[in-house]
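2 protein chains.
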Amino acid sequence: MAEDKLPTQNDNFAEWYNQLVQKAELADYAPVRGCMVVRPYGWALWENITSWLDKEFKATDHVNAAFPTLIPMSFFEKEKEHVEGFSPELAVVTHGGGEKLEEPLVVRPTSETIIGYMYSKWVKSWRDLPILIVQWGSVLRWELRTKLFLRTAEFYWHEGHTAHATPKEAKDEMYLILNIYERFCREELAIPVIQGTKSDSERFAGAQITTAIEAMMWDKRALQSGTSHYFGQNFAKAFDIQYLDQSNTLQYCETTSWAISSRIIGALIMVHGDDQGLKLPPKIAPIQVVLVPIYKNEEQKAQVMEVANKVFTELKTTGIRIKMDDREEVTPGFKYNDWEMRGVPLRIEVGPKDVEKGSVALARRDVLGRDGKSFVSQDGLAATVTDMLETIQASMLEKATQFRDANIHDPKDYEELKEVVKEGWAFSWWDGSKECEAKVKEDAKATTRVIPFDQPSSEGKCIVCGNKADKKVYFARAY
Amino acid sequence: MAEDKLPTQNDNFAEWYNQLVQKAELADYAPVRGCMVVRPYGWALWENITSWLDKEFKATDHVNAAFPTLIPMSFFEKEKEHVEGFSPELAVVTHGGGEKLEEPLVVRPTSETIIGYMYSKWVKSWRDLPILIVQWGSVLRWELRTKLFLRTAEFYWHEGHTAHATPKEAKDEMYLILNIYERFCREELAIPVIQGTKSDSERFAGAQITTAIEAMMWDKRALQSGTSHYFGQNFAKAFDIQYLDQSNTLQYCETTSWAISSRIIGALIMVHGDDQGLKLPPKIAPIQVVLVPIYKNEEQKAQVMEVANKVFTELKTTGIRIKMDDREEVTPGFKYNDWEMRGVPLRIEVGPKDVEKGSVALARRDVLGRDGKSFVSQDGLAATVTDMLETIQASMLEKATQFRDANIHDPKDYEELKEVVKEGWAFSWWDGSKECEAKVKEDAKATTRVIPFDQPSSEGKCIVCGNKADKKVYFARAY
Numbered sequence: 001m002a003e004d005k006l007p008t009q010n011d012n013f014a015e016w017y018n019q020l021v022q023k024a025e026l027a028d029y030a031p032v033r034g035c036m037v038v039r040p041y042g043w044a045l046w047e048n049i050t051s052w053l054d055k056e057f058k059a060t061d062h063v064n065a066a067f068p069t070l071i072p073m074s075f076f077e078k079e080k081e082h083v084e085g086f087s088p089e090l091a092v093v094t095h096g097g098g099e100k101l102e103e104p105l106v107v108r109p110t111s112e113t114i115i116g117y118m119y120s121k122w123v124k125s126w127r128d129l130p131i132l133i134v135q136w137g138s139v140l141r142w143e144l145r146t147k148l149f150l151r152t153a154e155f156y157w158h159e160g161h162t163a164h165a166t167p168k169e170a171k172d173e174m175y176l177i178l179n180i181y182e183r184f185c186r187e188e189l190a191i192p193v194i195q196g197t198k199s200d201s202e203r204f205a206g207a208q209i210t211t212a213i214e215a216m217m218w219d220k221r222a223l224q225s226g227t228s229h230y231f232g233q234n235f236a237k238a239f240d241i242q243y244l245d246q247s248n249t250l251q252y253c254e255t256t257s258w259a260i261s262s263r264i265i266g267a268l269i270m271v272h273g274d275d276q277g278l279k280l281p282p283k284i285a286p287i288q289v290v291l292v293p294i295y296k297n298e299e300q301k302a303q304v305m306e307v308a309n310k311v312f313t314e315l316k317t318t319g320i321r322i323k324m325d326d327r328e329e330v331t332p333g334f335k336y337n338d339w340e341m342r343g344v345p346l347r348i349e350v351g352p353k354d355v356e357k358g359s360v361a362l363a364r365r366d367v368l369g370r371d372g373k374s375f376v377s378q379d380g381l382a383a384t385v386t387d388m389l390e391t392i393q394a395s396m397l398e399k400a401t402q403f404r405d406a407n408i409h410d411p412k413d414y415e416e417l418k419e420v421v422k423e424g425w426a427f428s429w430w431d432g433s434k435e436c437e438a439k440v441k442e443d444a445k446a447t448t449r450v451i452p453f454d455q456p457s458s459e460g461k462c463i464v465c466g467n468k469a470d471k472k473v474y475f476a477r478a479y
Numbered sequence: 001m002a003e004d005k006l007p008t009q010n011d012n013f014a015e016w017y018n019q020l021v022q023k024a025e026l027a028d029y030a031p032v033r034g035c036m037v038v039r040p041y042g043w044a045l046w047e048n049i050t051s052w053l054d055k056e057f058k059a060t061d062h063v064n065a066a067f068p069t070l071i072p073m074s075f076f077e078k079e080k081e082h083v084e085g086f087s088p089e090l091a092v093v094t095h096g097g098g099e100k101l102e103e104p105l106v107v108r109p110t111s112e113t114i115i116g117y118m119y120s121k122w123v124k125s126w127r128d129l130p131i132l133i134v135q136w137g138s139v140l141r142w143e144l145r146t147k148l149f150l151r152t153a154e155f156y157w158h159e160g161h162t163a164h165a166t167p168k169e170a171k172d173e174m175y176l177i178l179n180i181y182e183r184f185c186r187e188e189l190a191i192p193v194i195q196g197t198k199s200d201s202e203r204f205a206g207a208q209i210t211t212a213i214e215a216m217m218w219d220k221r222a223l224q225s226g227t228s229h230y231f232g233q234n235f236a237k238a239f240d241i242q243y244l245d246q247s248n249t250l251q252y253c254e255t256t257s258w259a260i261s262s263r264i265i266g267a268l269i270m271v272h273g274d275d276q277g278l279k280l281p282p283k284i285a286p287i288q289v290v291l292v293p294i295y296k297n298e299e300q301k302a303q304v305m306e307v308a309n310k311v312f313t314e315l316k317t318t319g320i321r322i323k324m325d326d327r328e329e330v331t332p333g334f335k336y337n338d339w340e341m342r343g344v345p346l347r348i349e350v351g352p353k354d355v356e357k358g359s360v361a362l363a364r365r366d367v368l369g370r371d372g373k374s375f376v377s378q379d380g381l382a383a384t385v386t387d388m389l390e391t392i393q394a395s396m397l398e399k400a401t402q403f404r405d406a407n408i409h410d411p412k413d414y415e416e417l418k419e420v421v422k423e424g425w426a427f428s429w430w431d432g433s434k435e436c437e438a439k440v441k442e443d444a445k446a447t448t449r450v451i452p453f454d455q456p457s458s459e460g461k462c463i464v465c466g467n468k469a470d471k472k473v474y475f476a477r478a479y
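Heads up: the protein sequence lines correspond to chains A and B, in order. For what it's worth, the working numbering labels the leading residue of the first sequence as 1, then goes sequentially. For what it's worth, the working numbering labels the leading residue of the second sequence as 1, then goes sequentially.
Among these hints, one or two may not hold up.
Claimed, not checked - Anything over 10 Å on all C-beta distances counts as not near chain A; from chain B, calculated:
hint	residue
1	D4
2	H95
3	G96
4	E143
5	R151
6	H158
7	K168
8	R186
9	T197
10	S199
11	E298
12	T331
13	A363
Stated by the list, open to error - Pairs of lysine-lysine, DSS-like flavour, derived with a Cα cap of 27 Å:
hint	chain 1	residue 1	chain 2	residue 2
14	A	K412	A	K373
15	A	K323	B	K100
16	B	K121	A	K23
17	B	K100	A	K80
Hint data in this document are derived by calculation from the structure and do not stem from the laboratory. From the three backbone atoms N, C-alpha and C, an ideal C-beta is built for every residue, glycine too.
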């Protein structure tokens, strides 16, 4: 129920976010430190996300499987960087069935190790390659500061784990997935992301290359929205994943892993939301259209409900995800606010005048007030609504892209860089050194986000130290 | 690869099962005691199971959500029977992020407690009821003896948890779900199950009524294949789930929970399988049809592959889950055995003679040899194959039903009961006493399975003690 008003985004963006997630019933805090409960509305959103990705993975020859939630502690010690990266975040099972375990088990923070172990059993020959497996589920990384969706100890995701014969095949896989992620964000979530490679210091623990997509939030901070890693033979050597090649020589596999998590829901909220609440892109919205009948007496009710029911059935049959809000105990105005807060892209109002005129009123969530309102015929309404949803989807992407591009700066010197990252991203030359990266982090709280694949053909000078630089990178404050 | 022959079912049913699960690549043992890895073929089967059930739950107004994997230990202590039932099976997290936890967390063995806790926060008024939430995921119950799918520490399932205003509504929900389960087994899995109520000693820990479906395996043992529980107010009182009713009085909710787990895959294997391997019902089979091209030289290959490709495309377009096996390194005979072992319901063979005659050969998995083979025209093949798959589905259900009915006995006295449960089920009068139930368990290793809803109108005498009995019950040895 939307009785209490949200803080405005300008007043307190963090509070706006926290309250919105709960008021919109996307998620709630769990009685377990650092954990969340994803409520039905939030889970329906997640299901729309997962089902698009699942279809796309299957269309590119990936298959799903399930590996244990618990992993022997010793598995983490087999890859040096991996154990260093994950040790501080582990939840450890020490007792089972009333007895102390000989070896502690870890609630998986990620599954490279146990999947690597199984691949070493399954892979014998080049004929067994590639293996392209995806696991859907949750993982746990101990976190004390919780922010629903963005940072929780347990979160939901898919993790792809693939094994290949050659470096080229493994790298192609990494890029294939990153492209799927980019397209998913752009086409489905209306979030324009920037693809690129992570710096050495931002790489995944154990990876040789980490690629990622980065999105700009309303407060202009960056959010890493998906990652795709190339491990070379690191994990294959740690777990002995070997195959006989066509000339009968034993070779190590090349592996990758990649993921998008429920964090992406945080991005969706923070890219599109406004002071009224959520604003969900039609393609991914659990409810695309809410239908509100308006009447003042029983006679009007009978007439209005007849039209409303007809409209509801017609749109539902077309495959539009529509909800009728026929609650009696609240006013239409309350309903408008409520569904705007929950981000439903389009509202249809049917009142006594509409019954008379054969019309309905449409109200766009992405354009509030008069500008977003139109009166259309009941005839051909399914087509009108379908078009309108497409228009909304496209318009949301356009708006987010303009916002992003307007807030990426090209500072002329280091002083200006320190200023612009307070209110945007900087796209600047960088010599690739850890020292300059660390200095920006220290001075301006901004980190390198990605080194984009498309680079200027020229060379430049590192914005921090002035040395020769052959790459430009995005610097930004990040979630 | 199907090089090694399975033991026959008669020789060693347990070994037949173990080897088959691994050879068919449904699942594998994990390097974590008691746990399994569900491989892509097994997971595809599970996805077909879950997607049918998920659709059915959504069609009956249920919604999905996600609750934490870890549950505070103290939650289990709030419902007395519940903690007694689950304590011995818990895996306990004692350390997180490098520190000892103040309160240990338990890897969920089932989620009544944490879901009950959240319901107590969410439910305020009768308007909030019913809550009909399903969670898909895995749970963990410490097990030392592992049998893939049938008994593993971690297993996959859905758990439905609902809260209602009245006992009638909660009981209706329990029966609604049990009926969905029964229909699912019958229509999709071709497994005829018997529905009924569990005896007090077989009830779920904390439930007032447990209903279940029971299936008969090839070795005539029973397998509990799904359960639906009515808790009354037990959990509502333990977790304070209260609502204001229409006269503004505070009332406790009535709750239910219900589940089918990945165990059902064990049932599928043990009901339908034979010495050749799996036999999957078409509706649930990941691959419904395998297409094997047969040729001896390049010229034949070109002709055969042209027809095979055409057939493949036509059937795939119709929505049939078809796989082309065009491996060059193995013989057609090897392929036949391989796909029979994996339980694919129908095989299509295309050879040079078929090219000539415009025909293909169909070979049914459920009727091996000549009787199951037919030669049909390439014209209208999609319709022919669709019909054939329906025939196979119906025939598998009929066979399983006949087998079950032929092995349910009505022993005339206790001596005979002890004999018949060695090779079947007994359907007998029982006075409902724990003592008689325990005696049968002691003497004949058989337990009460369910008290079916349909009972004779007459009364009888308890087969154990001879006292008056008003109910008949199934006694059987069970998994």
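(request) Take a quick look at whether K323 (chain A) and K100 (chain B) sit within 27 Å of each other, Cα to Cα. (result) Outside the cut-off at roughly 48 Å; violated.
(request) Sort out whether K80 (chain A) lies within 27 Å of K100 (chain B), counting only the CA atoms. (result) With a Cα-Cα distance of about 24 Å, the restraint between K100 (chain B) and K80 (chain A) holds, given a limit of 27 Å.
(request) Could you let me know if the closest chain A CB is still more than 10 Å away from the CB of K168 (chain B)? (result) The claim stands: K168 (chain B) keeps its Cβ more than 10 Å from every Cβ of chain A (closest is about 24 Å).
(request) Measuring Cβ to Cβ, find out whether D4 (chain B) lies farther than 10 Å from everything in chain A. (result) holds (15 Å)
(message) Checking one constraint from the list: CA of K121 (chain B) to CA of K23 (chain A), max 27 Å. Satisfied?
(response) Satisfied, since the Cα-Cα distance of roughly 13 Å is no more than 27 Å.
(request) Could you let me know if the closest chain A CB is still more than 10 Å away from the CB of R186 (chain B)? (result) For R186 (chain B), whose nearest Cβ neighbour in chain A is about 27 Å away, the distance exceeds 10 Å, so it holds.
(request) Say whether it holds or is violated: T331 (chain B) keeps its Cβ farther than 10 Å from all Cβ of chain A. (result) holds (16 Å)
(message) Minimum C-beta separation from A363 (chain B) to chain A exceeding 10 Å: can you confirm that?
(response) holds (26 Å)
(request) With 10 Å as the threshold, tell me whether R151 (chain B) passes as away from chain A on beta-carbon distances. (result) Non-interface label stands for R151 (chain B): nearest chain A Cβ at 13 Å, farther than 10 Å.
(request) Compute the least Cβ-Cβ separation between G96 (chain B) and chain A, then decide whether it is above 10 Å. (result) About 5 Å separates G96 (chain B) from the closest Cβ of chain A, which leaves it inside 10 Å; violated.
(message) Just want to verify: H95 (chain B) was marked as not at the interface with chain A; is every Cβ pair farther apart than 10 Å?
(response) Given a closest Cβ separation of 4 Å, the condition is violated.
(request) Taking the shortest Cβ-to-Cβ distance between E298 (chain B) and chain A, state whether it exceeds 10 Å. (result) At roughly 22 Å from the nearest Cβ of chain A, E298 (chain B) sits farther out than 10 Å, so the non-interface label holds.
Going through the hint list in order, the structure does not satisfy hints 2, 3, 4, 14 and 15.
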